[in-house]
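All chains should be built: construct the whole structure from the sequences, respecting the hints.
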Amino acid sequence: MRRLKTALIFFAYRHFLRRPQHRIGASLTRAVYGLWLLLFYLQAFPIRDFIWGGKGPITDTNFIQGMAFTKEFSFFTYSASPLWLNLLILAGMASALCLMLGVFVRGSLVLSLLLLFSFHARNGYILDGGDNIGRIVLVFLTFMDCSTFLSVRPRRGGLGPTPLANVLHNIAYRAIALQYCFLYLSSSFAKIAGPLWQNGTALYYVLKSSEFSRTTLASVLSRNYVIVTIASYCVVGLQVAFPFFFCVKPLRVALIVGLVVMHVGIAYFMGLVRFSTVMIAGLLLFIPDESYRRAGRMLGLMVRRRQLGTRKEEVVWS
Amino acid sequence: MKTHRRARYVAVTIVLVCWLATHYALVGWSLLPANAIGILHGDVIRPYIEPFFSQNWHMFAPDPPLTNESFVIQLNVGARAESDTWVTEWVDVTTLLLKKGASNPLSPAVPRLRTIQGIVREYRNYLARSQANPQYEPSLYDTHVTRVFNSLLLTVASELYDPAQYRLLAVRGRVIFEDIPPFSELQASAHPNTLRSSTFDWLPAEGATR
Chain A
60 MRRLKTALIF FAYRHFLRRP QHRIGASLTR AVYGLWLLLF YLQAFPIRDF IWGGKGPITD
120 TNFIQGMAFT KEFSFFTYSA SPLWLNLLIL AGMASALCLM LGVFVRGSLV LSLLLLFSFH
180 ARNGYILDGG DNIGRIVLVF LTFMDCSTFL SVRPRRGGLG PTPLANVLHN IAYRAIALQY
240 CFLYLSSSFA KIAGPLWQNG TALYYVLKSS EFSRTTLASV LSRNYVIVTI ASYCVVGLQV
300 AFPFFFCVKP LRVALIVGLV VMHVGIAYFM GLVRFSTVMI AGLLLFIPDE SYRRAGRMLG
360 LMVRRRQLGT RKEEVVWS
Chain B
2 MKTHRRARYV AVTIVLVCWL ATHYALVGWS LLPANAIGIL HGDVIRPYIE PFFSQNWHMF
62 APDPPLTNES FVIQLNVGAR AESDTWVTEW VDVTTLLLKK GASNPLSPAV PRLRTIQGIV
122 REYRNYLARS QANPQYEPSL YDTHVTRVFN SLLLTVASEL YDPAQYRLLA VRGRVIFEDI
182 PPFSELQASA HPNTLRSSTF DWLPAEGATR
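Those protein sequences? They're chains A and B, same order as listed.
The numbering of the first sequence is our numbering, which starts it at 60 and goes up by one.
The numbering of the second sequence is our numbering, which starts it at 2 and goes up by one.
Worth flagging that the hints you see were computed from the coordinates, not collected in a lab.
Incorrect hints may appear among the rest.
What the hints assert, rightly or not - Covered by chain B, per the in silico footprint, the following chain A stretches (three or more residues, Cβ under 8 Å): (1) 89-103; (2) 109-121; (3) 130-141; (4) 188-202; (5) 224-235; (6) 245-255; (7) 323-336.
No residue lacks a Cβ here, since even glycine has one placed at the ideal position from N, Cα and C.
See below:
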């Protein structure tokens, strides 16, 4: 019993209480989420009356009746006036900007979450998988320390995180990690059940789809059966591998790089820019702080070497 | 005192870890295909998952789309000054949005297109359900879906004519399906485009509510 108690205390201390982990990644994720939210509002702003206003197909009456089925929360239940819509959008943009800059982070996260739920409830048709994972991650991000880095107003060192804050931060990190595991596992299992993914031809149909194929290069690539087959299997392979390789630290960064490349490809060839942005933002969270610091040191070294090289040339020429 | 505080934090950690395990057990169960436990005990799982943690990761799964769809509408209008009425040509309301979205993925055309496609898709799903079963009784949700679709027709139609000069008598929609050439025909030089369509009933505009 005593051994169990010691083991539990050691486990809790080592993984949750000692210090918040992945703070650089959390700050990076927060900043990119701010950008993602800003893009959401800016993209929809010119046609806000059509997609969220009473003049669009989802009239205020239709919206209120639809809420009876979804039972979601929405600020739009309080008022149907165009002024209220504009106020909510401006509040959304302001909170997104605060997230990007790292000011009033906790308040901005809560406000962004409530506004996102409100807009999603007002019109669920414009959403994609990125909106789904975005709002789930935002819930957990609210409990994380994501304002220490990349902030106009970083946390002051004197106060420091409390053990309770450390616990919440680390639990929230693991919640997001598990969410990504379930996302990729569920998506890959659903794909594996499909005959087109099984025979490696699925990406051909995706790249031929008028909705998701935007470049001439996509059309050219879709005609190459080798590329289509390998890419189809790579997509499924990366998603299946995520939950397992994630636990193996040496493989984690390679896995994340592979997934980032996949999502950049989705953004470029399929035009799902916002979806890829939010997925990549979440993946950045999983890179350890030490990897970021090492990358920062290497970058600084490269910059200094270049500066030294330039000065040597100046000395030689003079 | 320090021991008590440490014990409290450890207890909080254990409680939160237990919550995390339960949370993802419920999330995992909600993501499984329909099964006996999920159906019989859905009233335990669903209230927790929805709406904050609702999720669906079937993106292009089990199969990607095999057809390209476009939505067109046709108007029956009458001139205000005269008693003439006529039926317009079919007007494509989605292809231009697709092209704008392809050239700029962050264009406002994308959410507009998704709204139109989403509403049409839900309405078609309702029609498929009702046609599959002759005894099908439309639910409240089906009525809501029909109302939203009718509202879409009237909204899009109102952007296509000048209400000062014309009055809208009726509007109807049609979905045009273009099959993507099968992968097995990849090496073929030319594959005939297969087009199909599904036309909806006329919606009288006069007296219709949005």
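To see whether the hints hold, each was checked on the structure:
As drawn, the region 89-103 of chain A meets chain B at 4 residues by the rule of a beta-carbon pair under 8 Å; at three or more, the given contact holds. Residue count for the region 109-121 of chain A with a Cβ under 8 Å from a Cβ of chain B: 9. That meets the three needed, and the coverage hint holds. Three residues within the 8 Å Cβ limit are the bar, and the region 130-141 of chain A against chain B gives 3, so the coverage statement holds. Requiring three or more residues with a Cβ within less than 8 Å of a Cβ of chain B, the coverage given for the region 188-202 of chain A holds, as 6 such residues are present.
Coverage of the region 224-235 of chain A by chain B holds [criterion: at least 3 residues with CB-CB distance below 8 Å; count 5]. Coverage of the region 245-255 of chain A by chain B holds in this model, with 8 residues showing a Cβ closer than 8 Å to a Cβ of that chain against a need of three. Remark: the region 323-336 of chain A is confirmed as covered by chain B, as 5 of its residues place a Cβ nearer than 8 Å to a Cβ of that chain, reaching the required three.
Going through the hint list in order, the structure satisfies each hint without exception.
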